[in-house]
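Novice: Spelled out, the chains give:
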Amino acid sequence: MSAPFFEYDLFGDGVSLIVALVIGIAFGWFLERSGMGSARKLAGQFYLTDLTVFKVMFTAILTAMLGVFWLGWLGILDVSRVYVPETWILPQLVGGIVFGTGFAMAGLCPGTSCVSAATGRIDGLAVVIGMFAGVLGTGLLFAQLASFYASTSRGTFTLPNLLNVSEGVVVFAIVAIALAGFKVAERLEARAHAPRPT
Amino acid sequence: MTEKPYSNPYLSGFGLGLVLLAAFVVMGRGLGASGAFADAAAATAATVTPDAARANDYFARYLNAGGSPRLDWLVVELIGVTIGGFVSAFFAGRLRRVIEKGPRISNQSRLTLAVAGGAVMGIGAVLARGCTSGQALTGGALLSVGSWLFIIAAFAAAYVAAPLLRRAWT
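Taken in sequence, the protein lines are chains A and B.
Numbering-wise, the first sequence is residues 8 to 205 according to this note's numbering.
Numbering-wise, the second sequence is residues 83 to 252 according to this note's numbering.
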């Protein structure tokens, strides 16, 4: 067992920044390839005319989830050394609602707004500026939000913990749900693009 | 150069998933975007009002121990994202200086909505401790309850807001 490499001190902070650049370039490349740098294409997700966001996102989640599961099972990846985003129930629920509203307004999310801006889209640049202002403003008012921000903390809390089943069961269920979702997505797109009855 | 069509979403999603998996295996952490905005905001605050930034519990976490701006992993990663997006669009002939919007909305209204939407997302990302990258993709793949809650809440809210915003897109 020797992965995660950085956690096992196979390289230091300097190299980790080169890794950051390479991983970022690959991340941006696949976002642009799939059309996720286009606000019109992303907005199609919310009007059920173009479900690229759902397909790309869930294929990525399935790929990485299965990769972690199998590499952990084979003993190649020490899963306990991979940082799992911690859970704060109410901040993440409310934050998610606020975020989703902004997402529908902007037509882009923070990562894709950078791709959009980098490929010449002025609206993408506007989202980047707005996002920066939003984070800066919320940060300045943080004293007022601190107690809510720290509320309902659950630490590292995973779906297998919540449902009290094994990780394999959750992985299998998410794969099954995603595959069914892909089928629905294809049907919705076919319906949206079918010629309208006269 | 004519624009090439976008690639198959399942294929590019698979590529994106391998990038995320590589981050887990090499670094022991996932991807992010909003965290880099927090670094930039904290660095701005630390430059303009150093004492206030140091005393701010949110900004302090995105600064060096002494309160000076830092070069964080996520900042470099997000610089990479812009480079990767640019290079991909360059080779596909998709670099275009445009304002993307629906046919019924003016350029100025679209840009106002874009800034406002970005700001609202900024508030949400601070509260949720991440965005579509750090929570949805990373936490989603690692089966975090809070991340799945974020995914469901964000998409539910977007679908509720979308009918009110129809003029901007269709």
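In case anyone wonders, no lab produced these hints; they're calculated from the structure.
Just so you know, not all the hints are guaranteed correct.
Here are some of the chain B residues that sit facing chain A, going by a computed Cβ distance under 7 Å [what the hints assert, rightly or not]:
(1) L102
(2) F173
(3) C213
(4) G221
So, partial list: chain B residues that the calculated Cβ filter (under 7 Å) puts toward chain A [claimed, not checked]:
(5) R111
(6) A137
(7) P185
(8) L193
(9) T214
(10) L219
(11) L224
Every residue, glycine too, gets a C-beta built ideally from N, C-alpha and C.
Novice: List in ascending order the numbers of the hints, as given earlier, that are violated by the structure.
Specialist: Checked against the structure, the hints that fail are numbers 2, 6, 7, while the rest are satisfied.
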